[in-house]
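Here is what each chain is made of, one letter per residue.
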Amino acid sequence: AQKITQTQPGMFVQEKEAVTLDCTYDTSDQSYGLFWYKQPSSGEMIFLIYQGSYDEQNATEGRYSLNFQKARKSANLVISASQLGDSAMYFCAMRAGGFKTIFGAGTRLFVKA
Amino acid sequence: DAGVIQSPRHEVTEMGQEVTLRCKPISGHDYLFWYRQTMMRGLELLIYFNNNVPIDDSGMPEDRFSAKMPNASFSTLKIQPSEPRDSAVYFCASRGGGHGTDTQYFGPGTRLTVL
Chain A
1 AQKITQTQPG MFVQEKEAVT LDCTYDTSDQ SYGLFWYKQP SSGEMIFLIY
51 QGSYDEQNAT EGRYSLNFQK ARKSANLVIS ASQLGDSAMY FCAMRAGGFK
101 TIFGAGTRLF VKA
Chain B
114 DAGVIQSPRH EVTEMGQEVT LRCKPISGHD YLFWYRQTMM RGLELLIYFN
164 NNVPIDDSGM PEDRFSAKMP NASFSTLKIQ PSEPRDSAVY FCASRGGGHG
214 TDTQYFGPGT RLTVL
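Read top to bottom, the protein sequences are chains A and B.
Everything in the first sequence is counted per this note's numbering, starting at 1 for the first residue and increasing by one.
Everything in the second sequence is counted per this note's numbering, starting at 114 for the first residue and increasing by one.
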């Protein structure tokens with residue numbers, strides 16, 4: 001069965017520091033995709049970063065990087081130099097079994113000034 | 114380019130009424146997804162289409178829910194009759210086809226309240 005697990009319901013980080021949001025996944029598929037989305041209090045879902053299962057290098061998008069450890073089935077999001085505007089819910093998601101996509105429960109990130 | 118467009122943004126209705134949510138995907142995208150978000154169940158995939166054809170509707174909760182995609186630029190999600198437990202935010206997302214374009218882009222969502 002496909003599964004996404006985010007074990008951190010809430011995280012605090014000091015402004016300008018880096019933070020890692022954890023995500024583990026489970027699938028028997030060889031081909032899959034992993035995503036991170038940000039949901040601010042306004043409610044929209046904002047795409048941050050994507051990692052394909054066959055991509056050998058970790059994905060990076062500006063201040064976001066995805067620490068992909070395939071053997072451990074983990075896809076952690078690293079946000080460098082946190083900003084107050086990074087305060088939001090963050091969802092890890094996996095596409096597997098065709099294009100069916102499942103989402104984790106989310107981690108709420110609080111950035112402190 | 115315009116993103117995914119959803120309407121209405123907010124809908125308040127009474128139990129038993131029919132509700133229709135609308136979505137316009139990003140032009141050129143050939144996959145369309147409907148999701149529901151609640152506090153209790155998180156984000157759930159309800160159904161997705163490829164080239165206007167429903168591919169997987171296993172997430173549709175029950176027969177009261179139906180979805181259509183009559184053409185590449187329009188989809189509807191209908192609930193008839195609506196119940197209070199259907200109250201949620203409903204998102205539509207679209208994805209372009211081809212290798213390396215796995216990302217789904219979400220619309221702003223429709224917040225549905227069933228009284």
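Bear in mind the hints are in silico, worked out from the structure with no lab data behind them.
A portion of the hints provided could be inaccurate.
[To be verified] Far from chain B, by Cβ distances over 10 Å, these chain A residues were calculated:
1. Gln57
2. Phe68
3. Gln69
4. Gln83
5. Thr101
[Unchecked claim] Label pairs and their computed distance ranges (CB to CB):
6. Asp29(A) / Arg224(B): 25 to 35 Å
7. Gly141(B) / Asp29(A): 20 to 30 Å
8. Ala113(A) / Gln130(B): 22 to 32 Å
9. Gln69(A) / Leu228(B): 22 to 32 Å
We treat Cβ as the ideally placed atom computed from N, Cα and C, and that holds for glycine.
Quick rundown of the hints versus the structure:
no., hint, verdict
1, Gln57, "14 Å, holds"
2, Phe68, "14 Å, holds"
3, Gln69, "19 Å, holds"
4, Gln83, "22 Å, holds"
5, Thr101, "6 Å, violated"
6, Asp29(A) / Arg224(B): 25 to 35 Å, "33 Å, holds"
7, Gly141(B) / Asp29(A): 20 to 30 Å, "27 Å, holds"
8, Ala113(A) / Gln130(B): 22 to 32 Å, "46 Å, violated"
9, Gln69(A) / Leu228(B): 22 to 32 Å, "47 Å, violated"
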